[in-house]
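Below are the chains, spelled out letter by letter.
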Amino acid sequence: MTSGSVSATGTTDEVVLEADGLTMHFPVRRRGRELLSRTVKVVHAVDGVDVRLRRGRVTALVGESGSGKSTVARVLAQLQPQSAGRIRLHGTPVPPAVGRRFRRYTGHVQMILQDPFASLNPVHTVRYHLTRALRIHDHAGDDLEQALADLLTRVQLTPPRRYLDRFPHELSGGQRQRVAIARALGAEPEVLLADEPVSMLDVSIRLGVLNLLRDLTVRLRLAVLYITHDIASARYFADETHVMYAGRLVEGGDSETVTQRPAHPYTRLLIDSAPDPDRVADGRAEAPTAGGEPPSLIDPPPGCRFHPRCPHVMARCRAEVPPAFAIGDADGHVAACWLYAAGVRPAAVPEVAG
Amino acid sequence: MTFLLKRVAFYLFTAWAAVTINFFIPRLIPGDPVQALITRARGQLTTDAVESLYVLFGLDKDENVLHQYVRYWGQLLRGDLGLSFTFFPSPVSDVIAGGLPWTVGLVGITTVIGFVLGTALGTVAGWRRGSWVDLVIPSTTFLSSIPYFWLGLIAITLLTGPDSYFPASGAYDNGLVPAWSWEFVGSTVRHGLLPASTILVASAAGWILSMRNMMVTVGSEDYVTAAHAKGLPERRVMLAYAARNALLPNVSGFALALGFIVGGTLLVEIVFSYPGLGLALYQAVGAKDYPLMQGIFLIITLSVLLANFLADVAYLALDPRTRREG
Amino acid sequence: MAVPTTELVAVPVAPSRRRLRFVANPKAATGLVLMGGFVLLAVVGKWIAPHDPSRRSADLMQGPSGAHWFGTTHLGQDIFSQVLVGTRSVVVVGLVAGAVATVLSVLVGVTSGYLSGGGGESLSALSNVFLVIPALPLIIIITSTLPSTSDLAIALVIGLTSWAWGARVLRAQTLSLRRRDYVEAARATGESTWRIIVFEIMPNLTAVIASGFVSTVIFAVISEITLAFIGVSTGEWNWGTILFWAQSQQALAQGAWWWFVPAGLAIALLGTALSLLNFGIDEFVSPRLRGHGGTGRRYGRAVRMRVGFTPVLPADGSRGAGR
Chain S
0 MTSGSVSATG TTDEVVLEAD GLTMHFPVRR RGRELLSRTV KVVHAVDGVD VRLRRGRVTA
60 LVGESGSGKS TVARVLAQLQ PQSAGRIRLH GTPVPPAVGR RFRRYTGHVQ MILQDPFASL
120 NPVHTVRYHL TRALRIHDHA GDDLEQALAD LLTRVQLTPP RRYLDRFPHE LSGGQRQRVA
180 IARALGAEPE VLLADEPVSM LDVSIRLGVL NLLRDLTVRL RLAVLYITHD IASARYFADE
240 THVMYAGRLV EGGDSETVTQ RPAHPYTRLL IDSAPDPDRV ADGRAEAPTA GGEPPSLIDP
300 PPGCRFHPRC PHVMARCRAE VPPAFAIGDA DGHVAACWLY AAGVRPAAVP EVAG
Chain A
0 MTFLLKRVAF YLFTAWAAVT INFFIPRLIP GDPVQALITR ARGQLTTDAV ESLYVLFGLD
60 KDENVLHQYV RYWGQLLRGD LGLSFTFFPS PVSDVIAGGL PWTVGLVGIT TVIGFVLGTA
120 LGTVAGWRRG SWVDLVIPST TFLSSIPYFW LGLIAITLLT GPDSYFPASG AYDNGLVPAW
180 SWEFVGSTVR HGLLPASTIL VASAAGWILS MRNMMVTVGS EDYVTAAHAK GLPERRVMLA
240 YAARNALLPN VSGFALALGF IVGGTLLVEI VFSYPGLGLA LYQAVGAKDY PLMQGIFLII
300 TLSVLLANFL ADVAYLALDP RTRREG
Chain W
0 MAVPTTELVA VPVAPSRRRL RFVANPKAAT GLVLMGGFVL LAVVGKWIAP HDPSRRSADL
60 MQGPSGAHWF GTTHLGQDIF SQVLVGTRSV VVVGLVAGAV ATVLSVLVGV TSGYLSGGGG
120 ESLSALSNVF LVIPALPLII IITSTLPSTS DLAIALVIGL TSWAWGARVL RAQTLSLRRR
180 DYVEAARATG ESTWRIIVFE IMPNLTAVIA SGFVSTVIFA VISEITLAFI GVSTGEWNWG
240 TILFWAQSQQ ALAQGAWWWF VPAGLAIALL GTALSLLNFG IDEFVSPRLR GHGGTGRRYG
300 RAVRMRVGFT PVLPADGSRG AGR
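In order, the protein sequences belong to chains S, A and W. First residue of the first sequence? That's 0 in numbering that gives the first Met the number 0, and the numbers climb one at a time after it. First residue of the second sequence? That's 0 in numbering that gives the first Met the number 0, and the numbers climb one at a time after it. First residue of the third sequence? That's 0 in numbering that gives the first Met the number 0, and the numbers climb one at a time after it.
It is possible that some hints are incorrect.
[To be verified] Derived Cβ-Cβ restraints for the label pairs, each shown as a range:
| hint | chain 1 | residue 1 | chain 2 | residue 2 | range |
| --- | --- | --- | --- | --- | --- |
| 1 | A | V312 | W | L145 | 34 to 42 Å |
| 2 | S | P121 | A | K229 | 32 to 40 Å |
| 3 | A | V312 | S | S295 | 39 to 47 Å |
| 4 | A | G78 | W | F198 | 50 to 58 Å |
| 5 | W | R178 | A | F23 | 33 to 41 Å |
| 6 | S | G207 | A | S219 | 47 to 55 Å |
| 7 | W | V32 | A | S219 | 30 to 38 Å |
| 8 | W | G117 | S | R99 | 52 to 60 Å |
| 9 | S | P95 | W | G117 | 14 to 22 Å |
| 10 | W | W193 | S | D137 | 41 to 49 Å |
| 11 | A | L157 | W | F198 | 21 to 29 Å |
| 12 | S | A314 | W | F198 | 52 to 60 Å |
Quick caveat, the hints were computed from the structure, so don't treat them as lab data. Source: prediction; values computed, not measured. Every residue, glycine too, gets a C-beta built ideally from N, C-alpha and C.
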């Protein structure tokens, strides 16, 4: 993802939803003496993020907690108005939506939340949740029962009549998440924003849900944003992967390249931290070299926000924010790191293990 | 600190609201019964007294409401609450000053003892679930459904009489002069036992129940399990970990319950002829003594606000979260 | 060996079975039965009373007898009839005041919880003001300045001054519910604001609202009786006026215990019924609060159930090794 013209993978799939320079700053409540000062402190949750979601493709957004990825999803879903930046749906700019405009927007863009136990209202049946989704967007048609059955079949909850009159607490986590997906599909959206959809599910269930999402992406030609902290699942599930750190994008490209040949030091840290049986077997189980914690978002470090933890930090990193540089090895692979600025000898770029 | 400031601002606002309500209520009385009473007693009133009553009740129809309001505030701040009709010619402030200490004493002592006892019992009840203590709850519920004053009546019937230890009325024996002597204090205590116990019995159930519920909720929290796992003795876990946290809602609930307790105390005073504000209010209502009624309402409200404020300070000391103003 | 723990996991049952389970709770059932009895009395009291409560007779200040089950007053009036007839006023005022206060508390509380910013804060300040001002003196002042006091007027006054507690509780609950994921998900689905408040948030508040209603009814009943006792009363009989006459006629001094005992017991019984209902609601909502006195004893007195702990018992049910 760059601010330039190169599309991430060089394909010509239609861009459904895009955002430029998305910025979200949350004001901090002022206390005591601060009330008298003029300056307003903000949490720099998201800074200058560009997103392109293409039909029939899954785009992954990877980052730690606090990296701003969930905020990006909320802003794209228009649950929150952005501080700066523009969102475009099918090329048309989308103004901050309220009321009827917001409702129309939700007919195009739907969201799936992380916690399957909390995202369904415990007092309503599955039937109620799905019926509301259908009715609000007028997709109930003449035969409501048939429409409901279709939705449940689409998320592989069959036979539908076994699930329709259940309450959320009577379903397992994986089933609940499928109901949440069905509810989102009831609006017949073009874009699905999945905020860590499998993080709270048992590991054995995750694969099933991810496969379902993949299948829906292809069959229904959806544009899916997959937010996760698990970069390994991004490699498996997503076509493109973008990495966020402290509110900024640090790397982007197709999933295979980013996960196999990570360029940015932070991406390397993520990959190295993921338990990899091969590495252990080879006897190469060294601890990743950059320790530490994510920075404060109220007072982020100047320049590149990763520089306090970066093992390859240079003077320039502390002063200027690096733009996204193209890494030559694959189409659309970019990293926001001064190591890759033109004029730096390739030899200075450290070798990537494995 | 901010927490405290916000509370102070809130109480000031409420006090203002109470005064304003007090200002408007008599102006809603149709038919001017006050005027009639003033006229009847006119010969015995000084001009100043008549003036102040006019201000209190807005009988001077020539002035507009805003003017009246300002003059009302001025009068209040001078401590002039008007003259009482029933205790004529004593000013209302005198009547209240006479009754206030008794009421404050009664309410204060019973509330504190009730809170301490009830919380302690509730702690035990909530900690040892499944034991005989659970049976306490239905009985205290029944007791708390009884109006305070009825309990007082029963107590009088059963426990007082010409030969009994407990006197049936008054705050101290007739013929004694208020002084800091053993005789007087002893007599006061003896007279106060029944009224106080009545209120205690009726209000204890509330404390017990809420503390029990909170202990049950807190008891299953992870930090209590961790304390157990550390090997701390049971009593320490119960008191220093569970009770300390379960106490917090009770402390804030204390302030709110105070209004309720004040109401009940007023009635107990009536039943026992205890010379506090409750008895004065009773007589005021009976005689349609509006100045006295209003004065009592104002003083009671302001006292409750003060007590609430003190409870907030206590909450601040107990809960570190408010200190950081999260 | 499986041992019942003090933590209950909600057993999934069909909705109709869930509602019946509420009634199966012994506390709630008792409360409902008692309340039903009182409501019945309120309706038919006037007809089944053996005498007109105001009718004087020659039997002055007599104790309970065959002719007068609860005795007579100083004017020879039948106290039993007074209690029966008085039920209607008490029940009506209680229910009406409860309804008025509950509606107000829902309107103010839920709105102030859902609105963010100034609107919510000012509504909250309003309910706090009414909360702190002691209710009883306020009610006394207002009702004693009213020209005419009917049951309805008293019910209204009580309702209009006692909504604040429920509003505060509802505001706190709404604030917490508003941040739940399913509310956010409902927004993302495209639900309109009013539908979110009414269909997503309020169904999760029913227990709180019901409990608040019951508490307000208790408070209204006691307030009405207190008012009557002080001397602010309507023309109708209620349990408070019985006590008023008893007090003003020095019933105690004359040893006429039958004059005020029945009324007080009736009040206590009604209050208990309502409180039991409240407990039933509480326990229905949070299974942890159910008293489990029985299970502890079943395994012998040696086992003490500690909250949150599961004792491990050997198969023969004797003293367990786990602590």
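Per the hint of 39 to 47 Å, is the separation of the Cβ atoms of A/V312 and S/S295 within bounds? violated, 33 Å
The hint says 30 to 38 Å between W/V32 and A/S219; measuring C-beta to C-beta, is that right? With Cβ atoms ~32 Å apart, the hint holds.
Could you see if the CB distance from A/G78 to W/F198 stays within 50 to 58 Å? holds, 55 Å
Is 34 to 42 Å right for how far apart the beta carbons of A/V312 and W/L145 are? holds, 38 Å
In this structure, is the beta-carbon distance linking S/P95 and W/G117 contained in 14 to 22 Å? holds, 21 Å
Whether the CB-CB distance between W/R178 and A/F23 falls inside 33 to 41 Å: holds, 39 Å
Taking the beta carbons of S/P121 and A/K229, is their distance inside 32 to 40 Å? Holds: the Cβ-Cβ distance is about 35 Å, inside 32 to 40 Å.
Could one say that the CB atoms of W/G117 and S/R99 fall in the range 52 to 60 Å? Violated - the Cβ-Cβ distance for W/G117 and S/R99, about 25 Å, lies outside 52 to 60 Å.
Per the hint of 52 to 60 Å, is the separation of the Cβ atoms of S/A314 and W/F198 within bounds? Cβ of S/A314 to Cβ of W/F198: about 59 Å, so the range 52 to 60 Å holds.
Can the suggested window of 41 to 49 Å be confirmed for the beta-carbon pair W/W193 and S/D137? With a Cβ separation near 19 Å, W/W193 and S/D137 fall outside 41 to 49 Å, so the hint is violated.
Status of the given 21 to 29 Å range, CB of W/F198 versus CB of A/L157: violated, 55 Å
Holds or violated: the 47 to 55 Å window for the beta-carbon distance between S/G207 and A/S219? Taking Cβ atoms as reference, S/G207 and A/S219 lie about 34 Å apart, which means the hint is violated.
Consistency with the previously given hints fails for numbers 3, 6, 8, 10 and 11, ordered from lowest to highest.
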